[in-house]
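S.K.: Sequence:
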Amino acid sequence: QVQLVESGGGSVQAGGSLRLSCAASGSIFSTNGMGWYRQAPGKQRELVARFTNVGTTYYSDSAKGRFTISRDQASNTVVLQMTSLKPEDTAVYYCNAGMNGENYWGQGTQVTVSS
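If you read the sequence shown in our numbering, its first letter stands for residue -19, the second for the next number, and so on.
To be clear, the hints were calculated from the coordinates, so they are not data collected in a lab.
Keep in mind the model is a prediction, meaning the values are calculated, not measured.
Please note that a few of the clues may not be correct.
Claimed, not checked - Dumping the calculated DSBU-like pairs for lysine-lysine here, alpha-carbon to alpha-carbon at most 35 Å:
no., residue 1, residue 2
1, 66, 23
2, 44, 23
3, 66, 44
Stated by the list, open to error - The following label-pair restraints were derived from C-beta to C-beta distances:
no., residue 1, residue 2, range
4, 94, 54, 32 to 42 Å
5, 85, 50, 14 to 24 Å
6, 9, 67, 33 to 43 Å
Glycine included, C-beta positions come from ideal geometry on N, C-alpha and C.
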């Protein structure tokens, strides 16, 4: 069983920055991508940024130029550095990982950006 533990998030004013971290623990034999999604109230969950199974990165259009995803493969940790935050970035952010042939989600962490 794999567990994803998220940290970071919180409240910030527009233009500010936040850092989200996600650490995977458990018996991990294979990794098929790891990244971040978000879900705003009344909206569907959407991909923000992720590493693919071949190590390339993907960013949503809203994240490009403002967010940076990084990872430490040795510790199965992925970090999302968010800058120039906007009120529309307000959402619950979820860590996601494909590991051992299964799809795992973190518990979610709230990010609130005030204008």
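S.K.: Give a verdict on every hint.
M.R.: Hint-by-hint comparison with the structure:
| no. | hint | in the structure |
| --- | --- | --- |
| 1 | 66 - 23 | holds, 17 Å |
| 2 | 44 - 23 | holds, 20 Å |
| 3 | 66 - 44 | holds, 13 Å |
| 4 | 94 - 54: 32 to 42 Å | holds, 37 Å |
| 5 | 85 - 50: 14 to 24 Å | holds, 20 Å |
| 6 | 9 - 67: 33 to 43 Å | holds, 41 Å |
Hint violations for this structure: none, all hints satisfied.
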